[in-house]
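Chemist: Chain by chain, the residues:
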Amino acid sequence: MEFIRVSVQNGHWDSLLNQWEESCTEFDEPFSDYATGSLPILRPLAEKDQVNSSGVFALKDDSRYHGICQLNSAHLKGYTGKVLRVRHIVHAPRYDFSVDVELDDYATLLSGIFKGVIDVSNEEMHSPDVKFHFTSPAERQFFTEFNTALKGHKVFDKVDMAGSWLYIKK
Amino acid sequence: MVVYKEMNWDNSVRSDIGIKMTHKQIVDAAIEASVRIALESVGLDVIKYEPFFGMGERSQVELKQAA
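Residue numbers (the numbering used here), protein chains in the order written: chain C, 1 to 170; chain X, 1 to 67.
By construction, these hints were calculated from the structure, which means they are not laboratory data.
Virtual Cβ for every residue (Gly too), placed ideally from N, Cα, C.
Do not take every clue at face value.
No more than 30 Å apart at the CA atoms, straight line, and that leaves these computed lysine-lysine pairs for DSSO-like [said to hold, decoys possible]: (1) X/K20 to C/K170; (2) X/K48 to C/K131; (3) C/K48 to X/K20; (4) X/K20 to C/K169; (5) X/K20 to C/K158; (6) C/K77 to X/K24; (7) C/K131 to C/K48; (8) X/K48 to C/K82; (9) C/K170 to C/K151; (10) X/K24 to C/K131; (11) C/K158 to X/K24; (12) C/K170 to C/K154; (13) C/K154 to X/K24; (14) X/K24 to C/K151; (15) X/K20 to C/K77; (16) C/K170 to X/K24; (17) X/K24 to C/K169; (18) X/K24 to C/K82; (19) C/K151 to C/K131.
Listed below are several chain C residues computed to face chain X (Cβ distance under 8 Å; list not exhaustive) [claimed, not checked]: (20) T36; (21) G78; (22) Y79; (23) F114; (24) F142; (25) E145.
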């Protein structure tokens, strides 16, 4: 698995859309209705000229795009260094529509995205702090448990939740 | 859970079962374990059928339309 920038410029955005549309078609689902809260926001970010401080990133193996998200690194009030904000995490349609997807598959996907985000925060978008945004009740429940579990490992200086964000200080 | 106790000269660490791990490997393992715990807590039914990272939005639209 690799966590890569996705843009019109590098060709990955069109490849991803084509692949996900084919996937929706396989499940007799209209692609136009898939992830309507996020894909319309990610699209212009992938289409515009790319900058180092932001972009759309995807978890990809040799053949398939498994998930995408928006990354933005910026100086924010109250922080000493840059903060990498993660929004609009979206799973590939197969994870939504296939009956063959198990908990292991979701775990591999989300772990891959989170590890990729931490790697980006250490390299391309160097940021001492990382914030993950969530929107739905199920995502809140997930991040509440993730927060507790991750704190227990003591691999980051601080892990906490506030509002609709999970904060990690590395 | 990731357990480690011994620092090596090259900044890697040694786990309780004697496996030498880099800091990145330890962080990655902590993320993997925490994600799994969180997903198990949420449960497969919620993951599959509630709005969850882009999934489940269509079923919610259909429910609203049906109502």
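Chemist: Now tell me if each hint is right for this structure.
Modeler: Against the structure, the hints:
1. Between the alpha carbons of X/K20 and C/K170 the distance comes to roughly 22 Å, so the proposed pair stays at or under 30 Å and holds.
2. For a cut-off of 30 Å, the pair hint linking X/K48 to C/K131 stands: about 25 Å separates their Cα positions.
3. Only pairs whose Cα atoms come within 30 Å are accepted, and C/K48 paired with X/K20 is rejected, the gap being roughly 43 Å.
4. A threshold of 30 Å between alpha carbons decides the hint, and for X/K20 with C/K169 the separation of about 25 Å falls inside it, so the pair holds.
5. Between X/K20 and C/K158 the CA atoms are separated by roughly 25 Å; this keeps the pair inside 30 Å, and the hint holds.
6. Under the criterion of a C-alpha separation no larger than 30 Å, the hint pairing C/K77 with X/K24 is consistent with the structure, at around 29 Å.
7. At most 30 Å may separate the alpha-carbon atoms for a hinted pair to count; C/K131 and C/K48 meet this at roughly 23 Å.
8. A distance of roughly 35 Å separates the Cα atoms of X/K48 and C/K82; the hinted pair therefore is violated under the 30 Å criterion.
9. At roughly 12 Å between alpha-carbon atoms, C/K170 and C/K151 fall within 30 Å of each other, so this suggested pair holds.
10. Of the supplied pair hints, the one linking X/K24 and C/K131 holds, its CA atoms being roughly 19 Å apart against a limit of 30 Å.
11. Restraint check: the Cα-Cα separation between C/K158 and X/K24 comes to about 17 Å, which is no more than 30 Å; the hinted pair holds.
12. Of the pairs offered as hints, the one joining C/K170 and C/K154 holds, with about 10 Å between alpha carbons and a cut-off of 30 Å not exceeded.
13. Among the hinted pairs, C/K154 with X/K24 is consistent with the structure: their alpha-carbon atoms are about 13 Å apart, no more than 30 Å.
14. A C-alpha spacing of about 16 Å is found between X/K24 and C/K151, which places the hinted pair at or below 30 Å, so the restraint holds.
15. Distance hint between X/K20 and C/K77 is unfulfilled; the C-alpha atoms sit about 39 Å from each other, more than 30 Å.
16. The hinted pair formed by C/K170 and X/K24 meets the criterion: a straight-line CA distance of about 12 Å does not exceed 30 Å.
17. Distance check on the hinted pair: X/K24 and C/K169 sit about 15 Å apart at the alpha-carbon level, within 30 Å; holds.
18. Our distance criterion of 30 Å between C-alpha atoms is met by X/K24 and C/K82, whose separation comes to about 21 Å.
19. Between C/K151 and C/K131 the CA atoms are separated by roughly 15 Å; this keeps the pair inside 30 Å, and the hint holds.
20. Evaluation of the C/T36 hint against chain X yields a held restraint, the C-beta minimum of about 6 Å falling below 8 Å.
21. Taking 8 Å as the C-beta contact cut-off toward chain X, the hint placing C/G78 at the interface is violated, the least distance being around 24 Å.
22. Contact between C/Y79 and chain X, as hinted, is not supported at the beta carbon level, the nearest pair being about 20 Å apart and thus beyond 8 Å.
23. Because the closest C-beta pair between C/F114 and chain X is about 5 Å apart, less than 8 Å, the hint holds.
24. For C/F142, the interface hint holds, the least distance from its beta-carbon to any beta-carbon of chain X being 5 Å, beneath 8 Å.
25. The closest approach between the C-beta of C/E145 and any C-beta of chain X is roughly 4 Å, which is under the 8 Å cut-off, so the hint is satisfied.
Of the numbered hints listed earlier, those contradicted by the structure are 3, 8, 15, 21 and 22.
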